[in-house]
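Can you build the whole structure from these sequences, using the hints too?
Chains A and B supply the protein sequences, listed in that same order. Counting with the numbering used here, you get residues 333 to 607 for the letters of the first sequence. Counting with the numbering used here, you get residues -1 to 544 for the letters of the second sequence.
Source of the hints: derived by calculation from the structure; they are not laboratory data. Please note that the accuracy of each hint is not assured.
Dumping the calculated DMTMM-like pairs for lysine to aspartate or glutamate here, alpha-carbon to alpha-carbon at most 20 Å [what the hints assert, rightly or not]: (1) B:Lys429 x B:Glu353; (2) A:Lys427 x A:Glu575; (3) A:Lys384 x B:Asp246; (4) B:Lys526 x A:Asp348; (5) B:Lys189 x A:Asp347.
Here are the in silico distance ranges between beta carbons for each label pair [claimed, not checked]: (6) B:Ala536 x A:Arg420: 47 to 53 Å; (7) B:Thr24 x A:Trp400: 51 to 57 Å; (8) B:Ile520 x A:Lys427: 35 to 41 Å; (9) B:Ile381 x A:Gly410: 58 to 64 Å; (10) A:Asn459 x B:Thr156: 19 to 25 Å.
Computed from a predicted model, the values in this text were never measured in an experiment. Ideal placement from N, C-alpha and C gives every residue a C-beta, glycine not left out.
Residue strings, one per chain:
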Amino acid sequence: MSDAHSSPYLAHHFDDMEQQSQAASLGMWIFLAQEIMFFGGLFCGYAVYRLKFPEAFSAGSYSLAIGWGCFNTVVLIGSSLTMALAVRSAQLGRKAGIIKWLVITMFLGCVFLGVKVVEYSAKFEHNMIPGRHFEFHDDGKFVVAGHGDHSAAVGHDEPVHAEVGEPADHHAAEAAHGEPTEHAEPAGEDNGHGIVEINQGEVELFVGFYFMMTGMHALHMVIGVGLIIWLLVLTAKNRFATEYYTPIEMFGLYWHFVDIVWIFLFPLLYLIGRH
Amino acid sequence: MSAPGVTANEVAPEERRIHYLNWATTVKSWLLTLDHKRICILYLCTITFYFLVGAVAATLFRIELMTPQGDFLSAEIYNKMFTMHGVAMIFFFLVPSIPATLGNFLIPLMIGAKDVAFPRLNLLTWYLFSIGSLFALFAIINGGVDTGWTFYTPYSSTYANGHVIAATFGVFVAGFASILTGLNFIVTVHKMRAPGMTWFRLPLFIWAAYATSIIMVLGTPVIAITMLLIIAERGLGIGIFDPALGGDPVLFQHLFWFYSHPAVYIMILPGFGVISEVIACFCRKRVFGYEFIAFSSLAIAIIGFFVWGHHLFVSSQSVYAGLIFSFLTFFVGVPTAIKIFNWVATLYKGSVSFETPMLYALGFIGLFTVGGLTGLYLSTLAIDIHLHDTYFVVAHFHYVMVGGMVLAFLSGLHFWWPKMTGRIYNETAAKFASVIVFIGFNLTFFPQFIVGYLGMPRRYYEYPEQWQLLQLLSSAGASVLGFGFLMVLCYLPFSLVFGKRAGPNPWRAKGLEWEETTSPPIAHNFVKNPIVTEEAYAYTKGSRHV
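Quick look at the structure:
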């Protein structure tokens, strides 16, 4: 190691700053590759069941709060912009800029998580959580039956038959909430007899995926917010300079990755069947 | 390597040298160490413990299988024992065995680096591994798990009574140790090589570890999320594999084997790397077909991701999918065979000597070949219908995992033991133990090929009387094998105190770890940063070691 390259930011086992920052970049990209495989397992399961039960997945999709979903998408994309600005400030060595943009990024992340809490609690209030007491609650778009009884769903014994384009009639008697309501056609398809079959167990699968996928995404957001706090502490302690801001840059990659996961989750969960 | 940092092979025993083992001796200096060599030692102790846990379980069920009746263990305990054996041996011994110990120790030394790229991450992996393994240990102590190491749904998610959540969570956490180790190695190999250490001058161990790391990084996350889905299903009622909701338990098998078949290559590829090093050293020859061996490691890593369906030949998979998976499974045998042929070609006209590491390596080539060829039986669709879930499968993967990987691990451990500890073990005892292990191993598992071919299913604790002789032979072999392992466990630690001091290069081997540093190496590996000027394995003929 020559003295020309020595820097207070250089770890002992690297020869120079370039090697150190290249190692960090490569490591981060490999980490993101494993993240893709990690989420990939969930996306794979989602794809299998959506192909198997398209109507139920559409029906489940209707029950999600699309307004909140859109709002969160905008919030998250905005936070990616502010994160990029934080990295830019670090490149230019502007400490105040780093702090400002990181705080805004963290704020937007918290807004996203807050909205998630609102959405989740609405699901909990209506028992629309997977498990023994699951009920398909859809704000009056569908008629459902066989609530909370998994055995009813085995072998698809009691699918819900809803007349397309008509208010549900005799099935309303079996309905979970006793609310006979207007039926909106979930996937624009039927089984050839003008009847769309929606099985509550299959909707429960969709909701299971909704919670697993958005939950795993939200967990990444929570970790991200924690890391921003750590970066803010380091920034306040003057640990970064124009020659070394690797942690901020690497965290930026992470934050954008989490953003991109949401870009896939949003249409797959909220938008299917809404055409 | 023209200007070695160490010239003589002699050491003055009186002079107390400072090296990575003794520069600090407090417990804290070990538990907070960032030195890849010390982390290797931490891993070595941990995985030895889990090897013993798995061995105890194996002992108990081998005793049970000596008689056709269920008389020693209850059926339930028997199930828990083979689960404990599988979980401990696979997730907490074989997967980390060579990468986390020899890999950690050797990768920076072999490429001429001061440490791995991310030393703190490296230490973190040991903690993750230990925490994960403690969850699994908790599950074992608190009544055990009886699902088998594969955790198949819906049994694991709905019906099993044991601590499935704790065990699967342990696997989940330990999985991240594996991922981060792989990440660290990939970056280290890409970015930390010494001047002159080009890709085609890398020792083949590095190529093997690199290929392994790719699988670790891309495969392990899938098992992690799969374990998490089991936990979500058992704990939270989110039933993604639940047939009652229309979910498909076979999806679990796909996700599980998408990792767990490549994981077989995580377990065996580093072994291939060790064998290449050992064969070259004890033949005093450059490995024949260096490039072929290097690229066959990568080929195995890639093709290995597309063969998982051969575990589902009888699990309602379509016969067309079965055909394709069958073909791909044959296909992955090609790069594997390339390695075997190249090693044998290296032996040809080499000046072969039979020190302990070489004995294990030769045992490896023979036993792994048997394991590999019986794999072709199993990948043949029609034959697999008969052999699926029989003892034939058990014998097959033990020939690969024990006859292959454990022998490779022992070969590597004996080869680099003088480098790691600075001491030489008792060569006579070691040679004797290696023969015992070889005999015991074959006696244990060869009868299982026969009993499996005759139709005995695996995981049964009672069986018809006509198979008793074969099962008895197997149990007898297991005790011989166990004796061999116990010998290793005795004379290696013994050598730490009473062994002869090893010079920097007792085998007169080639490679930076032998030629450019002391035994044991100093904390920062090299006194003078090495510059590489020649290819790997530049052995000159007739340069026999002492």
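Hints not upheld, ascending by number:
none
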